[in-house]
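Top to bottom, those sequences are chains A and B. According to this note's numbering, the residues represented by the first sequence are 1 to 346, in order. According to this note's numbering, the residues represented by the second sequence are 347 to 424, in order.
I should point out that these hints are in silico values taken from the structure, not numbers from a laboratory. All C-beta atoms in this analysis are idealised placements derived from N, C-alpha and C, irrespective of residue type, glycine included. Just so you know, not all the hints are guaranteed correct.
[Claimed, not checked] Here are some chain B residues pointing at chain A (derived, C-beta under 10 angstroms): (1) L351; (2) V368; (3) V369; (4) L376; (5) A381; (6) L383; (7) A384; (8) P390; (9) S423.
[Claimed, not checked] Examples of chain A residues lying across from chain B (beta carbon under 7 angstroms, computed): (10) V25; (11) A28; (12) A243; (13) P244; (14) D252.
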Amino acid sequence: MTRRQHLACALALCAALVGEFGGHVWRAGFVYEDQRLLDGRSDHVKPAGLLRGRGLSGQSWEIIATPRAAHALNLALHATVALLLAALIAQLSGSAFLAWAGAAIFALHPLAIEGVAYAASRAELMAAIGVLLACLGAAGRSPWGWPLIPIGAVIGFAGKESAIVVFGLVPLVLMAQGRLRAWMVAGALLLAAGLAGGDYWLHGRSLVSWAAIGEYAGSHVGAGEWLLLQGAAAYRLLILSFAPFWLSVDPDLALVPLAGRAFALIALAGLAEAAWRLRRRQPLIAFGLAWSLLALAPRLIVRTPLAPLNEHQWYLPLMGIACGLAVAIERLAGRLSAPAFQEIGA
Amino acid sequence: MRWGLLLGLLLAYLAIDARAVVVWRSDLSLWSHAAALAPSKLRPQLNLSKQLYALGREEEAIRLASRALHLDQERRSR
Chain A
1 MTRRQHLACA LALCAALVGE FGGHVWRAGF VYEDQRLLDG RSDHVKPAGL LRGRGLSGQS
61 WEIIATPRAA HALNLALHAT VALLLAALIA QLSGSAFLAW AGAAIFALHP LAIEGVAYAA
121 SRAELMAAIG VLLACLGAAG RSPWGWPLIP IGAVIGFAGK ESAIVVFGLV PLVLMAQGRL
181 RAWMVAGALL LAAGLAGGDY WLHGRSLVSW AAIGEYAGSH VGAGEWLLLQ GAAAYRLLIL
241 SFAPFWLSVD PDLALVPLAG RAFALIALAG LAEAAWRLRR RQPLIAFGLA WSLLALAPRL
301 IVRTPLAPLN EHQWYLPLMG IACGLAVAIE RLAGRLSAPA FQEIGA
Chain B
347 MRWGLLLGLL LAYLAIDARA VVVWRSDLSL WSHAAALAPS KLRPQLNLSK QLYALGREEE
407 AIRLASRALH LDQERRSR
């Protein structure tokens, strides 16, 4: 593909996104928890606020307070994420088709709507940009890419703590390229320990307290019970990734019986096994599956009893599914254009 | 062939997206949709009731909230 064709793909993707969300940016108001974030505004950016949890996304609410500007910013962030994803898939696969197909499937997937249309999801989009920058830094074979890893991690954390998945995804990228070394794992662990130490120093928050970050008095839930509930929520989102017809901001997961929750967890474990088995035969599908599961993993541990896994929190795992779907389309096209199929068509 | 398949999938997504994005336009549309999909869950019902109340549809809002509370109580006692 020439540079001009890449530019045409990028422009077509951005145009499709504007077509999809343009009306929303123009007409939609603030909804749900947007108001809580607006109420916390003080009308000026505080540099010290950048050091607090979600500093970047939190401070952005000081500048952007109208629905139109907030929705436009989310759309711009989403387009940036899609372009970064295209760059990452291109680095990993060397295929322009897979890069643009993966990015377009992710960008236009109905499950990404909550992340873009809900202004409060801005934090999730910022975290995704940081994570992708770090992964791109790792995927590029130039030593100039290495500084992008800590820079991306810091940007991601300043967006939202969900960027913690960077410590799983960067090694995954290196592993996919056969470049993972013991010293890199040690480096990632040191960086993680440094960030955890910094978090403790700045906010007095220990690593153990992260597991109950969304809990408060009266909302306690046991780790096992939480795992089962999140397993069911993740399974629902996995199904919706392939059949996105029953989207909802607040689905009724209590209706899922215990056996269903246990089955969902077993299914997720089965996907992890499938990713491991496919790593040589279908490396990009295995990468996509592993990406989704690693991006999901912290949500199975960190308990937020009032908000089980929802659609905007599926934003990062959806990238792995999009990558797998792009490969599936390429394989399907290969089979359909095989001589046997052409004869049937004739 | 592969670009054609991709385009087909993306067009299908855009058709679904067109209906799903509208849900996020206001609190009323968001919670009406969520409440319809989870008729016995407390939060979407109460949030919808709050929106109806704010619009001056008090009677409808109170009826919806008391039904939601009743259903939730029933569910907890099971």
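Right, here's what the structure says about each hint:
Below 10 angstroms, beta-carbon pairs count as interface contacts, and L351 (chain B) has one with chain A at about 5 angstroms; its hint therefore holds. A least Cβ separation of about 8 angstroms between V368 (chain B) and chain A falls short of the 10 angstroms threshold, and the interface hint therefore holds. Proximity of V369 (chain B) to chain A holds as hinted, the smallest CB-CB distance being about 8 angstroms (cut-off 10 angstroms). The criterion of a C-beta within 10 angstroms of any C-beta in chain A is met by L376 (chain B), whose closest approach is roughly 5 angstroms, and the hint holds.
Below 10 angstroms, beta-carbon pairs count as interface contacts, and A381 (chain B) has one with chain A at about 9 angstroms; its hint therefore holds. The beta carbon of L383 (chain B) comes within 5 angstroms of a beta carbon in chain A, closer than 10 angstroms, and the hint placing it at the interface holds. Of the supplied interface hints, the one on A384 (chain B) holds, with its beta-carbon coming within about 4 angstroms of a beta-carbon of chain A, less than 10 angstroms. Given hint, P390 (chain B) at the interface with chain A, holds; its Cβ is 5 angstroms from that chain's nearest Cβ, closer than 10 angstroms.
With a cut of 10 angstroms, the hint placing S423 (chain B) at the interface with chain A is violated, because the nearest CB-to-CB distance is about 14 angstroms. The closest approach between the C-beta of V25 (chain A) and any C-beta of chain B is roughly 10 angstroms, which is over the 7 angstroms cut-off, so the hint fails. Interface hint status for A28 (chain A): upheld, as the beta-carbon distance to the closest one in chain B is roughly 5 angstroms, under 7 angstroms. This hint is violated: A243 (chain A) has a C-beta 10 angstroms from the nearest C-beta of chain B, more than the 7 angstroms allowed.
The criterion of a C-beta within 7 angstroms of any C-beta in chain B is met by P244 (chain A), whose closest approach is roughly 6 angstroms, and the hint holds. Checking D252 (chain A) against chain B: minimum C-beta separation of about 4 angstroms stays under 7 angstroms; hint holds.
The earlier numbered hints that this structure contradicts are 9, 10 and 12.
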